[in-house]
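A.B. asks: Residue-level listing of the chains:
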Amino acid sequence: MGEVIVITSGKGGVGKTTTAANLGTGLSLLGKKVVLVDTDIGLRNLDVVMGLENRIVYDLVDAVEGTCRLKQALIKDKRYEGLYLLPAAQTRDKNSVTPEQMIKLCEELKQEFDFVIIDCPAGIEQGFKNAIAGADRAIVVTTPEVSAVRDADRIIGLLEANELKNPVLIVNRVRHEMVKKGDMMSIDDIIDILAIQLIGVVPDDENIIISTNRGEPAVSDNKSMAGQAYRNITRRILGEEVPFMDLAGQGNFIAKVKKLFGFRSA
Amino acid sequence: MLQQLLSKLGRKRSSKDVAKERLKLVLIHDRANVSPQFLEMVKGEIIKVIRNYMEIDEEALEIQLTKTVSEEGDGVVPALIANIPIKSVKNAGRSI
Ligand SMILES: Nc1ncnc2c1ncn2[C@@H]1O[C@H](COP(=O)(O)OP(=O)(O)O)[C@@H](O)[C@H]1O
Ligand SMILES: [Mg+2]
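The listed protein sequences derive, respectively, from chains P and Z. Using this note's numbering, the letters of the first sequence correspond one by one to residues 1 to 266. Using this note's numbering, the letters of the second sequence correspond one by one to residues 1001 to 1096.
Just chain P, same shape as in the assembly (with noise of 0.2 Å):
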């Protein structure tokens, strides 16, 4: 039985689809079974991230609906072994997908894969719902940022409501440069704030930009430092302990987030 991990952040821009698409591709890496389901209905994203665009015939609304049968809407990555994805529908709207259609796909796509990624729209309204719905776990994603920040701290507080206990952050876009010369919060500041496990920080580098333009995610480019961040979160949800990066300069949140929850645990 997998489990299904929701990606989410409820403001828009601050990396989810990213995140989504370079976890999933990074568990596939480590011989997971993997299927990526992009939930932003009417602005799906997901497909260009992984480079999947082309391949699209059905989507999520037409599994939930029976259009087609389950099967036929996921589209297997020929690059990476045993990862699919289930696109989102792009000319219907949020409404078409009922948080109890989503709790039955997840419950069917959890027989076949070890890992469910959802891909959550941002906002906090029907998208929202939809996605958390069938969910096991919640990865909250922020930026270093008040606006970003204050946003998490709503959706934390609406996902332990949803009985989605124990969020788990990652802080995206991080400069270290900034956090030095004091001119960005450092993750020792947001996690203060918020109150909850760190699993990754994620540098701002533009290898994202790069690999994006080309629809090949940075957790397989051995390069990338976002790569790398990424690479790291994959295994801490595998349940191992990998020491944060050292993006220079943040030495002492090291120590402070040192003992990690094992992901799979609880």
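These aren't lab readings, by the way, just hints derived from the structure by calculation. Some hints could be false.
Dumping the calculated DSS-like pairs for lysine-lysine here, alpha-carbon to alpha-carbon at most 25 Å [as the list claims (entries may be wrong)]:
1. Z/Lys1043 <-> Z/Lys1090
2. P/Lys180 <-> Z/Lys1016
3. Z/Lys1016 <-> Z/Lys1067
4. P/Lys11 <-> Z/Lys1043
5. P/Lys11 <-> P/Lys165
6. Z/Lys1016 <-> P/Lys11
7. P/Lys181 <-> Z/Lys1020
8. P/Lys165 <-> Z/Lys1016
9. P/Lys32 <-> P/Lys71
10. P/Lys11 <-> Z/Lys1024
11. P/Lys181 <-> Z/Lys1012
12. P/Lys33 <-> P/Lys71
13. P/Lys180 <-> Z/Lys1090
14. P/Lys165 <-> P/Lys104
With beta-carbon atoms standing in for the labels, derived distance ranges [to be verified]:
15. Z/Ile1081 <-> P/Ile209: 43 to 53 Å
16. P/Lys104 <-> Z/Asn1033: 27 to 37 Å
17. Z/Ile1046 <-> P/Gly31: 26 to 36 Å
18. P/Val242 <-> Z/Lys1067: 53 to 63 Å
19. Z/Pro1078 <-> P/Lys180: 26 to 36 Å
20. Z/Pro1078 <-> P/Ala161: 19 to 29 Å
Given the structure is predicted, the values throughout are model-derived calculations rather than measurements. Just so you know, even glycine gets a beta-carbon here, dropped at the ideal spot from N, CA and C.
Following the hints, position chain Z with the ligands against chain P.
C.D. replies: Chain Z with the ligands in isolation, oriented as in the chain P frame:
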């Protein structure tokens, strides 16, 4: 406070400290608003304590979370404002 002092002495606070302070403040309000039970809980507890000393008009008791200018200077701080109409003070309270 120390930071406010420093800024008065002409040293500029780092933008991340400003960010952190603003964030903390805004979250106090967000978190209280997210749970509608929050103020009701506070209200209930306040009534319980005050009832020991005086008779109050529980129906008319008003409580709200707002912002106010801090005493130290120009910063804004969160404040809990309670308006508690007193009907009478108990004898026990008077003798203390
Ligand atoms: N670590 C990073 N470094 C540089 N650019 C990033 C990083 N993470 C995300 N981005 C860029 O930020 C933009 C928004 O990311 P995206 O994953 O689409 O966010 P969301 O799904 O939360 O709206 C994209 O253009 C993406 O390439
Ligand atoms: Mg997105």
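A.B. asks: Hint by hint, note whether the structure agrees.
C.D. replies: Hints, one by one, checked against the model:
no. : hint                               : result
1   : Z/Lys1043 <-> Z/Lys1090            : holds (20 Å)
2   : P/Lys180 <-> Z/Lys1016             : holds (10 Å)
3   : Z/Lys1016 <-> Z/Lys1067            : holds (22 Å)
4   : P/Lys11 <-> Z/Lys1043              : violated (33 Å)
5   : P/Lys11 <-> P/Lys165               : holds (20 Å)
6   : Z/Lys1016 <-> P/Lys11              : holds (20 Å)
7   : P/Lys181 <-> Z/Lys1020             : holds (15 Å)
8   : P/Lys165 <-> Z/Lys1016             : violated (29 Å)
9   : P/Lys32 <-> P/Lys71                : holds (18 Å)
10  : P/Lys11 <-> Z/Lys1024              : holds (18 Å)
11  : P/Lys181 <-> Z/Lys1012             : holds (13 Å)
12  : P/Lys33 <-> P/Lys71                : holds (14 Å)
13  : P/Lys180 <-> Z/Lys1090             : violated (59 Å)
14  : P/Lys165 <-> P/Lys104              : holds (21 Å)
15  : Z/Ile1081 <-> P/Ile209: 43 to 53 Å : holds (49 Å)
16  : P/Lys104 <-> Z/Asn1033: 27 to 37 Å : holds (34 Å)
17  : Z/Ile1046 <-> P/Gly31: 26 to 36 Å  : violated (58 Å)
18  : P/Val242 <-> Z/Lys1067: 53 to 63 Å : violated (42 Å)
19  : Z/Pro1078 <-> P/Lys180: 26 to 36 Å : holds (31 Å)
20  : Z/Pro1078 <-> P/Ala161: 19 to 29 Å : holds (22 Å)
Hints 4, 8, 13, 17 and 18, counting from the list given before, are not met by this structure.
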